Amino acid sequence: MKKKIGSTLVVGSGISGIRSALDMAEQGYQVTLIDKEPHLGGVLTQLDYQFPTDHCGMCKMLPLVERDSSSQYCLRKGLFHENIDIMLSTELVAMEGEPGKFQVTLRQKSSIVDQERCIGCGECARVCPVEAPDPFNGGLTDRKAIYLPVPHNIPNAYVVDLDACTHCGECEKICPTHAIDFGKEERKKFRILVVDDELIVRDSLKEWLLDEGFDVDMAESGTEALEKMSKEHFHLKLLDIKMPGMDGVEVLKRAKEIRPDLPVVMMTAYATVETAVEAMKIGAHDYLMKPFDPDNLIPLIVNLYHDIQSAGVKEMEVGSVILAGGFDSYDPSTGKDTYGYGLFPNVVTSLQFERMVSGTGPNQGKILRPSDGKEVKKIAWFQCVGSRDQQADADFCSSACCMFAIKEALLAKEKSEGQIDTTIFYMDMRTFGKDFQRYRDRAEKESGVHFERSRVHSVETTGKDDGTLRVAYADTTGTKHEEDFDLVVLAAGQRPPTGAEEVAETCGVVLNPWGFCQVEGFSLSRTSSEGVLVGGSFSGLRDISESVIQASSASLEASRLIHSKGGGLAEEVSPETGFRDVSREMPQVLAVLCKCGGTLSESADFDEISSWLEAQGSVTGVHAIDSLCTHEGWDELKETLQGNSANRILIASCMPYVYARKLRELGRSAELNPELMEVVDIRTLAFPGRDTEKEAVHQEVRAVLSMGIGKLKGMDPLPVATSRIVQKALVVGGGIAGMTAGLAIADHGFEVTLVEKAAELGGNARTLHRTIEGHSPQELLEESISKVEKHPLIRTHTGAKIIYSQGHVGNFSTSIEKEDGQGETLDHGVTVLATGGIEAKTESYSYGESEAILTQHDLEEKLAEGGVEPANLKTVAMIQCVDSREEPRNYCSRICCQSALKNALFFKKQNPETDIYIFYRDMMSYGFMETYYSEARKAGVIFVPYDVGQKPEVSVEDGRPRLSALDPILGREWLLEPDLLVLSTGVVPDAGREVAEQFGVEVNQDGFYQEAESKWRPVDFIKEGVFMCGLAHSPRSIAESVAMAEAAAQRALRILNSDRLASGSVVAEVRHSLCALCERCVAFCPYEARHHDEDEEMIVVNELMCQGCGSCAAVCPNSASVLRGYRDQQVFEVIDAALENVV
Amino acid sequence: MEALAINRKESKLRVAPEWADVCFTCGTCAGGCPVTGVDGMDPRKAVRMAALGLDQELVDSRFPWICTLCGRCEYACPQGVEILKMMRKARGLRERDKVPGPIHKGVVMDLERGNNLGIPRDDFLFLLADLAKEMDEDEGFPGFYVPVDKKGANILLTVNSKEPFGEPDDMKFWWRIFYAAKEDWTVPSENWEGVNWGLFSGDDESMKIFVGRIVEHLERLECKTLLLPE
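Going down the list, the sequences are from chains S and U.
Counting along the first sequence from 1, when you hit position 624 you're at 624 in my numbering, and nothing is skipped either side.
Here my numbering = 1-based position in the second sequence + 1143.
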């Protein structure tokens, strides 16, 4: 694969960080992925179940093409990719330079435990005397000070929580692989200067610090200290504030002149704390309070030592920076806390509840009351806790909590087989995403989740002190109810991530009034600082699919920038993978045994195992290495392979996953396809401490070794196939989404053909004149059209239509009919479908019977033409959800509430005297849109909720609409004669169904394009190489369409990037002589990688699309479909080997 | 069902958006109100009426008077609707002779006679002297007396007229404390009422007068501290 020059730093390794990193890596950029936490995955490590499948599915983000360059196992367990360097416990501390050429400084905290040596045996945690609340379980359980950040990681190494650790050293003593090092040896070289005028302070400090192994010197005055500093080198200075002569602050100032980088810690009595704080402003590192107690002081100084000494600082140059720092949750115990969070144990946050239902949670997934462990029978969810709350300084919606709550309620139902009673208390159920409304309806109608439109005031106890919670609430009619619950789950809202301000300052990006990253204009990923992009919830909480889209938009922009600065243009060809052709050789296995630094010799005899191995057929050599995970060990292996004629390598060591990346590298140096190497785990079997006889251990070791040999012998030595790629794109649809996608691809140097059926480019944006934020769609439109028209790589056909398309990823061929009636056939490697949507037509509410009855779209146009005079309007009424959110069009169109708010605010601004009524079901002002809803109420717009079963009624008399509706709050009727009645009819797809048929892709029941996976692959079709964006996927705003178009382009670019793409090494093949052409495999293939070629009369597998899942092999009645690397004979041999050695 | 007829422009209850307009109609107030349901009480309805400019309906309703002004609703309101101000304003808009119960009568009495129950000056002073004598002679507080209109005292004490009227001995609770603490205190001989019913009847004008009287005492008697036991 060609390697691009250019690199990116991704800050934050949650969903969006991983998405951005993989995007860039798949395009060939070098990526550094950092996270301040000691684990990957962000909040997702804690979430087991995702709406709408109620499973995880994160692995679906893994590369589908060139997939051997990355790990292919559960992403929640870990990730590696050839082009991604992962640095955990790391923060971005400085950034200089300019876009395309930033110098960044990263600071990595020491984890005390050598992550490569740690084998995760857990002995350390067993002896650790400290218990601290475990954030992984939301504090519902305790963990030790040395712990696994995520219980299911692979590899899984322990880390030390230095804040909780007492430095007792027990773990260091017991660690069998000597992976834990508190740096006692290093401490001897760490020189501390103690400056204090009191002898007793100096003496006692010296004694304590010497005991801890530090090197200590003392000075009794500032003058002496400065003199010593000028002559000798120190690493840390402890400086008293109150001293005769020169005081501490003065000494600090002068010390900063002599040695600006020397960390100085002030020592202060209570009386001089303010001075100490002042000193920190001048540059002191920290301060310590007198009087000193060695039990408290020593851990503090040791922490300082780790902070100063062990932190690794790395400087590097990157072309762009992607911020994906995620979000923090609102702490409901702050503020007024009328729900008693932190007071009542049975009041938990939604994240804590998520842990409660998890198999790795506090009760292995059983839902029990935290107060007494009793089974939970009744749960209440409270929405909008710390969101949509002016008193919590949160005039925003946290967007994701409504679906989160529904999912949790369904999980509770599922886990209890319907026994748990569930109620969701809400203000507006914000089901604004694709398929959300039907999910909600199913929860209510099929699973019996109760939805109560009411915000609860407070939670009390029943007075019996048994942990049961009493909830009083008023229903919509105003009737008050009291109900008891076992558990109350609070939908804690979003807050900016810790450290957001520092990161913003470092990168020069602007934050919004609530501390989230501000995005620019019509982009969801551009920040105020060029070259710094934002992905995911750092710019406001969003669900997984939105995060994934935005993250890809960020990586597209990052890549475009690097490309425009010349980085991406220069391509260097990495040395061809010149693997030896061993296809005509008999299998010759070299077995390499790792002794794990001698730890295994106690329970297994390596000489005996070696001689047994040598006696095995196909084994041509055995080599034992002391410690394969060390550099020395690895180099020894490389040397052994040099000039060795073996064509299969069996490595017997530990955790095979860990070696996947290293094997790629080894393959290159040994010129042997890494698929012909196998790692088996003997360490688990031979690790000391198992209560097993040596001979039994040997037997087990022999079994896994012979299984490995069996597998290797049967491996197909043929090199993996590569396919030629036509490096051109076809974009169907010339609206904002299509143009954005086309430009994004063309800006990377690839030819794009843009086909638009209308006579002009622009689509819906032609009729939009302003957004609720005040941006001008017309400016965006003009700019986009002009760029498209001027772009040398974009050919545009307006007034053209698609006739026919065939082919597969990398090689499509599409015929179009141009405006002049001429046909043309285009060859392209990828297809982007951006066929848009249109405002739905309606016959409801007397539409068409009066000129005063308009749709939002009609209104928009009339306003633009000057056909409506706001000054003359006495009354305006708007009805939301017209024909929407009920069958057959049971989805939310997402943009109508903002259109209504936008137009209502416009009218109020033009004429505050106009009475404006908005009849709504749930106001969908998600995210920061909420402020406009607040603004509209402040401006006096009257909002009247209505129920779908009792809609407003409209009639027309003398050309004037009359509207009657119930005001559910007052239980009385509205009778209005509005001058304008505006209907929000929503969005329907434009040409989705026909185009989908032409390109052989799917649409959903509403005619919108069906994505491969709603959360993890939101812009992909199942059919690889075809992507979607804009309204044709689902209703969305312009900015959201732009982001999606960029994401689609990003997905397309990873294919266009090379002239050839390699399939995975595990792919399916067809033995045509056995094939009966029954097509069962075609129907079963979940990746649509197979088709029946009727000309050739055979089943053809597209090796790029095939993901090696093996479904075809399983359903084939003739064993004609086989999987490379898992052929029958080979698998049988492995099974035989496993059984043969069992007693 | 009578259709809603609104007149927001004339409304006196939509003083600021925070008084009602910003309301979500989420029901937090109604769920938390201790008297929701009492005679149909529903604070959300009251706020909705205010937001729609249905002033007269709200003023004529019992809502503002059932409300105890306890403030639970406002404490938790996510939009910070100033329900208490709005409710008081609604009380104030009621015609005075239609103010329920004795509170408006008390206000009139206080304006005329210096306390809500109209206790004459002499009766009040006689009562104080009598009670003080009991404490001095029979209850173990030798030398106790009630300092009336004492200039330069530290504490100025107001009185809830209910006590001299019906529970005179209750006044002794504070007196005993003062005695034990050797406190320097005083009671005004007139206009000593400490219970400002103007607050409850929404009568800002009278409330101001009553407060003004206390301020006047403080200035005239040069007291440093005000003690309003109510």
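Read the hints as simulated data drawn from the structure, not as lab findings.
From a predicted model like this one, the values you see are computed outputs, not experimental measurements.
Some clues are possibly wrong.
For lysine-lysine, the following DSS-like pairs were computed, each having C-alpha atoms within a straight-line distance of at most 25 angstroms [to be verified]:
1. Lys109/S / Lys189/S
2. Lys938/S / Lys1155/U
3. Lys336/S / Lys1155/U
4. Lys1155/U / Lys874/S
5. Lys1248/U / Lys938/S
6. Lys1152/U / Lys874/S
7. Lys60/S / Lys662/S
Far from chain S, some chain U residues (derived; all Cβ distances over 12 angstroms) [said to hold, decoys possible]:
8. Pro1160
9. Cys1169
10. Gly1175
11. Arg1239
12. Leu1268
13. Leu1274
14. Gly1295
Coverage of chain U stretches by chain S, computed from C-beta distances (three or more under 8 angstroms per stretch; other residues unrestricted) [unchecked claim]:
15. 1187-1194
16. 1249-1262
Idealized CB from N, CA, C, for every residue including glycine.
- [ ] Would you list, in rising numerical order, the hints stated earlier that this structure does not obey?
- [x] 3, 5, 8, 9, 10, 16
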